[in-house]
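Undergrad: Sequence:
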Amino acid sequence: MNSRISTLCLALTLAACGGGAPSARCPLPAASDEAAAPFDTGAVGAKVEASQGDFQRCFDRASRAHGLPQAPSTRMDIVLHVSASGEVTEVELGGEDFGGLGNCLEQVVRGWCLAPSAEGGRGSFPVNFSSGD
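Straight run, no breaks: the sequence shown in our numbering ends on number 743.
Because the hints were derived from the structure by calculation, they are not lab data. We put the CB at the ideal spot given by N, CA and C, even for glycine. Among the hints, erroneous ones may be present.
Unchecked claim - What follows is a list of derived Cβ distance ranges for each label pair:
1. 656 <-> 687: 32 to 38 Å
2. 740 <-> 646: 38 to 44 Å
3. 720 <-> 675: 30 to 36 Å
4. 723 <-> 702: 15 to 21 Å
5. 660 <-> 683: 21 to 27 Å
6. 717 <-> 655: 15 to 21 Å
Please model the entire structure based on the sequences and the hints provided.
TA: See below:
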């Protein structure tokens, strides 16, 4: 089975979602004016592109766990909330979850560290998975 993944309509939304204390994983930069920049939704898009391999591994693992000879095509809609320090603090998933796909995707996204911003923000994007020959 040859699987392929595509991310369609990388629709990022910008909305303030509050600050948060810096974490050891995503520390604030030394210069305070760098942290005063607005939330960069483009950075979310870059993380999505960089994580395509991780998303595919989640899909492949879920497919095997599901026990089907060929995994179903599915779409997961992901919304992430990011603190002012750049840490992903919350992940919301929508779509057809099977074989632990949602949990795996959540772990990938929670591992992201984005650039610090004045108030944090929110981004959303779909991930479409399909099985190919």
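Undergrad: Each of the hints needs a verdict: does it hold here or not?
TA: Hint by hint, here is what the structure shows:
Under the hint 32 to 38 Å, the C-beta atoms of residue 656 and residue 687, about 19 Å apart, miss the expected range. One distance hint, 38 to 44 Å for the beta-carbon pair residue 740 and residue 646, holds here, with the actual separation near 42 Å. In this structure the hint that residue 720 and residue 675 lie 30 to 36 Å apart at CB is violated, the actual value being about 20 Å. A beta carbon spacing of about 19 Å between residue 723 and residue 702 agrees with the range 15 to 21 Å that was offered as a hint.
Our hint of 21 to 27 Å for residue 660 and residue 683 holds, since their Cβ atoms are close to 23 Å apart. Taken as a hint, the range 15 to 21 Å holds for the pair residue 717 and residue 655, whose Cβ atoms sit roughly 20 Å apart.
Violated hints for the displayed structure, listed by number in ascending order: 1 and 3.
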